[in-house]
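Novice: The primary structure of each chain is shown beneath.
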Amino acid sequence: MVDKNQAIIDFLMTCPKIASSSVFFNFLNAKDENKQIITQANDVSLNRKFVDGSVLRRYTFSIIDFRSVDYNPIPKNLPIPGTTTVTDYVSENVEELLDVQGIMDWITEQAEEQNYPDFGEGFEIDNMQTTSDNPNLNGVDTSVTPALAKYSMSIQIDYLDKTKSIWEDN
Amino acid sequence: MAVKQINLRDGQRAERKLLVTVAEWEEPLDGTTGSEVVRELLGTRTEDSSIDYNADIQDSTDILGNNYTDVNKTQPTQAFDPFLILGGSRLGAYLNDIRRRNALSELTGAFTIYVITAFIGDETNGYEAEKHAESTITYESFGGDANVNFPITVHFSNKITTGKVDKIAADFVFTEDVSI
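Those sequence lines, one after another, are chains A and B.
The first sequence: position 42 = 42 (the numbering used here), numbered continuously.
The second sequence: position 58 = 58 (the numbering used here), numbered continuously.
There's no promise every hint is true.
[Claimed, not checked] The calculated BS3-like cross-link candidates involving lysine-lysine, where the alpha carbons are at most 25 angstroms apart (straight line), are:
| hint | chain 1 | residue 1 | chain 2 | residue 2 |
| --- | --- | --- | --- | --- |
| 1 | B | LYS4 | B | LYS159 |
| 2 | A | LYS49 | A | LYS31 |
| 3 | A | LYS162 | A | LYS49 |
| 4 | A | LYS17 | A | LYS162 |
| 5 | A | LYS162 | B | LYS73 |
| 6 | A | LYS162 | A | LYS150 |
| 7 | B | LYS167 | A | LYS164 |
| 8 | B | LYS167 | A | LYS49 |
| 9 | B | LYS167 | B | LYS4 |
To be clear, the hints were calculated from the coordinates, so they are not data collected in a lab.
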């Protein structure tokens, strides 16, 4: 039987934004751009049983992404003299958030293409989705230099467990 | 023949998966005049499905106040909703082909339906089953929300042969009961 945690790690390592960083499972060394995959208990067990004995289950996990924090204020977007164009200064914090958002977008793209982790024989992924559209800012760790913002996103994978089905596959 | 007993410990509830409905039909083979017998388990992704017997009954009461109930007939049906269009489903493909050609006559009596009561019997001796020859499957609608749903209803013929199957798989062998 395939270990689902390992399947998730293998799958996430195909994401360029994740593969280029140091990735930790459940425990990590918090540094800029380090990523942590955390398994989560479900709020509600899905456990939907079908008449053939197969069961729809849910695997939930979070990705935590640490990013350095920029304390510089966002300057006023003043028009460039003689034009109607405004300065295109973007805060580092905004860029970091966009980069983290890229991981969520990648998850969504994979789900649309039905490119899922491989949970092994007897398991079929039914759906994969992020539980929100944007990363959540959980807080800032100011005890380190530079200070680190902690962004997180949760992903739910609904999968059909056919190992309890009464029908033997030929 | 004595009634076979339920193969569960006292008080144990039979899991729903132990009541199995299987459809069997003949599909023409490409490029030949031959055909292939195909079987498919019904109920994949269906959470709740029962055989409704739709009994036609007639009640009467005599002058002493005793009630009599005559069961004139049953017209069993079993609905499967959702019946999702799933990759690998031969029945989904077969019914969809009939649907797009509106070839309704090809539905009538085209299916053999097996009802296997897997809570009676075991792996070694086989499981009790009944075979309904010339049954019909109808589709009820086509569409849905996130996934394509094609709910179906099985109309049992009541042309019943009782017997047993040796296993719960598409290549099971049905053996008719022998009356002594």
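Novice: With the threshold set at 25 angstroms, check whether the alpha-carbon distance from LYS162 (chain A) to LYS73 (chain B) stays at or below it.
Specialist: Violated, because 38 angstroms separates the two Cα atoms, which is more than 25 angstroms.
Novice: Just to be careful, I want the Cα atoms of LYS167 (chain B) and LYS4 (chain B) compared with a cutoff of 25 angstroms; is the pair within it?
Specialist: Given that 25 angstroms is the threshold and the Cα spacing comes to 17 angstroms, the pair holds.
Novice: Holds or violated: are the alpha carbons of LYS162 (chain A) and LYS49 (chain A) at most 25 angstroms from each other?
Specialist: holds, 10 angstroms
Novice: Would you check the hint for LYS167 (chain B) and LYS49 (chain A), treating anything up to 25 angstroms between C-alpha atoms as holding?
Specialist: At roughly 22 angstroms apart (the allowed maximum being 25 angstroms), LYS49 (chain A) and LYS167 (chain B) satisfy the hint.
Novice: So if I understand the rule, the pair passes when the alpha-carbon distance is 25 angstroms or less; does LYS17 (chain A) with LYS162 (chain A) pass?
Specialist: violated, 33 angstroms
Novice: Just to be careful, I want the Cα atoms of LYS4 (chain B) and LYS159 (chain B) compared with a cutoff of 25 angstroms; is the pair within it?
Specialist: holds, 22 angstroms
Novice: For the pair supplied as a hint, LYS49 (chain A) and LYS31 (chain A), confirm whether the alpha-carbon distance does not exceed 25 angstroms.
Specialist: Not OK: LYS49 (chain A) and LYS31 (chain A) at ~43 angstroms, beyond 25 angstroms, violated.
Novice: CA of LYS162 (chain A) to CA of LYS150 (chain A), is that 25 angstroms or under?
Specialist: The hint is violated at about 37 angstroms.
Novice: Between LYS167 (chain B) and LYS164 (chain A), does the CA-CA distance stay at or below 25 angstroms?
Specialist: Holds: LYS167 (chain B) and LYS164 (chain A) sit about 15 angstroms apart, inside 25 angstroms.
Going down the numbered hints, you'll see the structure goes against 2, 4, 5 and 6, while the others check out.
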